[in-house]
Amino acid sequence: METHNIPTRRELFTGFFGIGIIGFGGVLPLVHHMLVLRKGWLTDAEFTELLGLGQILPGPNVVNLSVAVGGRFHGASGALLAFSGLLLAPFCIAMLLVSLYQQYRGLPALQQVLAGLAPAATGLIFGMGLRLAARLERSSWCIALAVATFVAIGLLHWPLLPLLLVMVPLAVTLAWHLQKEPT
Amino acid sequence: MSAMLLALFLVFGQLSLMAVGGANAVVPEMLRMVVNEHGWMTAAEFTALFAIAQSAPGPNVLIASLVGWQMASLPGAAISLIGICGPSSILSFYVAKLWQRFRDYRLCHAIQRGFAPLSIGLVLGGAWLLAGIANTGWSAWLLCAISALIAWRTSLHPLWLLGAGAVAGLLGWV
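In the order they appear, the protein sequences are chains A and B.
Position 144 of the first sequence, counted from 1, bears residue number 144 in our numbering, the numbering being contiguous throughout.
Position 79 of the second sequence, counted from 1, bears residue number 79 in our numbering, the numbering being contiguous throughout.
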């Protein structure tokens with residue numbers, strides 16, 4: 001049986017602070033571990049649902065998730081606490097890193113490090129995208145939409161807003177009319 | 001100064017509401033606005049900031065605060081972060097409340113299914129665009145491909161891959 005614990009406001013802040021400070025690149029698995037397995041604030045099903053919501057809404061997924069979780073337990077103040085807990089430490093660390101970069105940007109060694117860091121960082125995003133793509137519904141309209149979006153952004157460099165204005169209604173309409181085969 | 005803060009807030013506030021599929025989905029659009037439209041920095045400078053943002057812990061939105069820092073130091077960084085998180089957070093706070101009531105409606109399912117391929121296309125397209133700037137030679141493409149493959153197939157901590165990239169760069173391999 002999954003237990004359901006209600007966090008206090010303080011626990012919301014410290015819980016998300018803990019994720020912010022150790023989560024490099026992919027924070028999502030850490031969030032799941034904390035919310036469901038360690039703290040028992042949400043069940044697996046509730047987590048999946050809130051995450052899905054965070055993904056279809058604009059904005060950083062994990063930030064959206066933190067706002068939804070905080071808001072569920074303690075309304076607006078809970079959302080604000082979870083949000084600031086998540087972002088406080090990473091923000092400070094990023095500021096520290098960028099001021100070091102400003103200071104030493106002329107150093108050839110730093111330029112070399114960045115030349116290696118950037119491709120590796122880009123590779124991480126590819127990896128995450130491929131992971132998500134592997135779980136995508138295997139229907140022709142889904143694959144066509146994913147490929148079309150990839151081509152428009154990656155190859156044709158189209159601006160995002162007009163693209164979304166066309167693609168979002170199209171995608172929702174297709175999903176509405178092309179029901180999944182009952183399994 | 002305050003004109004710059006307002007400009008930063010407007011740029012990132014717009015991006016916030018376009019970031020379907022997470023912050024990485026709008027990195028190309030951010031680059032287009034920051035580099036081409038406003039001329040705040042070069043594409044290479046932007047890519048360096050992106051690499052730094054990826055090396056810091058936490059969500060990927062930090063790229064916004066680094067751009068803000070570059071333009072208007074600490075106030076700029078704070079305004080940019082609030083800009084990119086604020087509008088979408090307020091939206092998701094209210095939608096999460098509504099969703100509890102309407103989650104079983106057919107339209108909600110259609111929205112959920114329809115958005116999935118879009119966000120994947122956005123993430124991969126964005127990665128492709130960035131790779132074109134970050135990867136300056138065949139060795140960089142190789143490093144990028146290895147990093148992608150490992151991140152996709154294993155659950156190795158991303159910090160190891162970033163560390164390996166940094167070392168490869170320091171040794172002059174990239």
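Please keep in mind that the hints were generated in silico from the structure rather than gathered at the bench.
Please note that a few of the clues may not be correct.
Just so you have them, the derived chain B footprint on chain A, three or more residues with Cβ under 8 Å [said to hold, decoys possible]:
| no. | segment |
| --- | --- |
| 1 | 74-85 |
| 2 | 96-103 |
| 3 | 106-120 |
| 4 | 152-166 |
Note that this is a predicted model, so its numbers are computed, not measured.
The C-beta atom is built at its ideal place from N, Cα and C for all residues, glycine as well.
Quick rundown of the hints versus the structure:
no. : hint    : verdict
1   : 74-85   : holds (count 3)
2   : 96-103  : holds (count 4)
3   : 106-120 : holds (count 10)
4   : 152-166 : holds (count 9)
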